[in-house]
Amino acid sequence: MHLSDGVLSLPLIITTSVAAGGVLWYSVQHIREKEIPAISLLTAVFFILALINIPLGPSTVHPLLCGVIGILAGRRSALAIGIGLLFHALLFQHGGITTLGANLLILSLPAYLCHFIYQWMGARWKWNASFVAGCCGFAGILTAVGIGSLLLSLSSSFYSEGTFSTIRLLALSHLPLAIIEMLLTGFVIGQLAKFRPQLVAAG
Amino acid sequence: MEVFMKEWKYWRPHQSWAFHWDPRIKMLSFLVIIFFVSMMQSPLMLSFVCTGAVLLCLSARFQLSYLFFRFLVVLPFLLLLSVPILFSNGWPVAQEKIIFTSVLVLKASSSFFLLLFLCFTQPFPKLMQSFYDLNIPPKILTIILLAAYYIYQLFFQLRTFRLALASRHFSFSGWRPSIRVYSSIMTGMIIKSFDQAEHVYRALTARGFNEDMSTGYEPPRIPIKDGLISAVFISMTLVVVILDRWWFR
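Heads up: the sequence lines are chains F and S, in that order. Note that the numbering used here numbers the first sequence so that position 112 is 112, with each residue one more than the last. Note that the numbering used here numbers the second sequence so that position 59 is 59, with each residue one more than the last.
Since the hints were derived computationally from the structure, they do not count as laboratory data. Keep in mind it's a predicted model, so treat the numbers as computed, not measured. Quick reminder that beta carbons are idealized off the backbone N, C-alpha and C, glycines included. Be careful, since some hints might not be right.
Here are a few chain F residues that face chain S, going by a calculated C-beta distance under 7 angstroms [to be verified]:
1. Ile31
2. Gln93
3. Ile97
4. Thr98
5. Phe164
When you get a sec, could you build the whole thing from the sequences and use the hints?
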């Protein structure tokens with residue numbers, strides 16, 4: 001879910017850019033030298049894997065990966081996602097420059113939520129990593145769609161008008177993606193827990 | 001994706017007047033112009049800007065077919081946003097909805113062509129170098145530069161995976177077994193990336209790395225001519241914005 005330039009109203013562009021600046025500032029705080037190559041690689045992985053189209057009926061979807069990034073990068077998620085989005089906008093014109101802040105919020109807030117849920121559920125109840133991650137992946141997409149819809153409805157009432165409104169269609173079209181993302185996040189984190197448990201350790 | 005890989009590999013900036021425009025001032029000017037465009041409200045003025053953006057691309061030797069092909073990437077998203085607005089209350093469509101939708105599509109299209117012009121009128125490393133002068137903190141700049149390098153590397157790694165799968169008659173789908181295979185590829189790439197990150201960090205520290213990616217690059221002064229070109233473009237957009245806000249309200 002990448003909002004293009006021109007989709008949001010000017011006050012929202014300014015508000016989301018300022019808020020995204022705050023999120024980025026939080027993400028960059030106390031960054032250590034050792035983390036820099038890992039964040040760069042995560043950014044590249046986020047960028048590359050989000051380009052793979054998965055056929056779904058007559059259309060295709062591409063994973064958003066906010067669950068995987070949130071669990072792996074934790075506090076640095078916003079930085080990895082932000083730079084990935086910048087590359088998406090510059091190289092593909094996918095998303096936009098004025099909506100970079102909004103897109104960052106749409107993906108990084110769910111990533112933080114996923115990180116929080118994964119750490120909390122994993123540490124408290126020692127649940128199966130794959131199951132918890134799957135729930136995170138599902139919740140991540142729903143939250144992203146929720147934030148995106150909220151921004152659109154705040155931008156103009158036209159987006160939420162009517163039975164087949166833009167927001168409803170957007171939510172419906174993301175439902176299959178939420179299921180795919182749930183399976184994907186569950187499998188990936190499950191396999192990582194098996195082969196590199198230190199990368200996805202909760203608590 | 002395949003198209004992008006091809007483009008990345010054979011990245012050839014268009015040898016036109018825009019190629020000689022300093023990428024730093026070009027980037028700053030276009031960021032300002034895109035921000036101005038997002039302020040506009042009149043379909044008439046926006047169609048003027050959009051036509052101007054297309055003509056700008058054509059003047060930089062972009063082919064019309066290429067522009068159309070690239071535009072197809074954003075078209076589905078624009079349709080998903082605009083068609084429900086138009087027909088949300090059935091037929092006939094209210095005039096204010098037509099205006100709102102045309103403003104939305106024209107703004108998105110104008111910004112799309114301006115971004116295309118900005119990104120594809122110089123070599124990619126030059127575009128990356130222009131980040132130096134934007135006063136980005138060194139840590140973030142290092143991450144951007146390293147990420148750009150890794151993206152290039154990972155493209156070819158992913159292509160190898162895809163070829164290997166294709167040779168085994170595997171095709172991606174939304175079904176569970178397919179997603180399992182896809183997630184295995186992802187896991188492999190993530191594990192390999194973290195291992196590689198360790199090696200890279202050791203290599204960087206061995207070479208005296210201290211958060212700042214020193215490349216020995218001394219940014220040259222921005223030529224006055226390029227500054228003037230930017231000033232002309234920004235002033236023209238500003239005039240259009242003023243006309244849009246106060247004349248066509």
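Do the hints match the structure? See the list:
{"no.": "1", "hint": "Ile31", "verdict": "holds (6 angstroms)"}
{"no.": "2", "hint": "Gln93", "verdict": "holds (5 angstroms)"}
{"no.": "3", "hint": "Ile97", "verdict": "holds (5 angstroms)"}
{"no.": "4", "hint": "Thr98", "verdict": "holds (5 angstroms)"}
{"no.": "5", "hint": "Phe164", "verdict": "holds (5 angstroms)"}
In summary, this structure violates none of the numbered hints.
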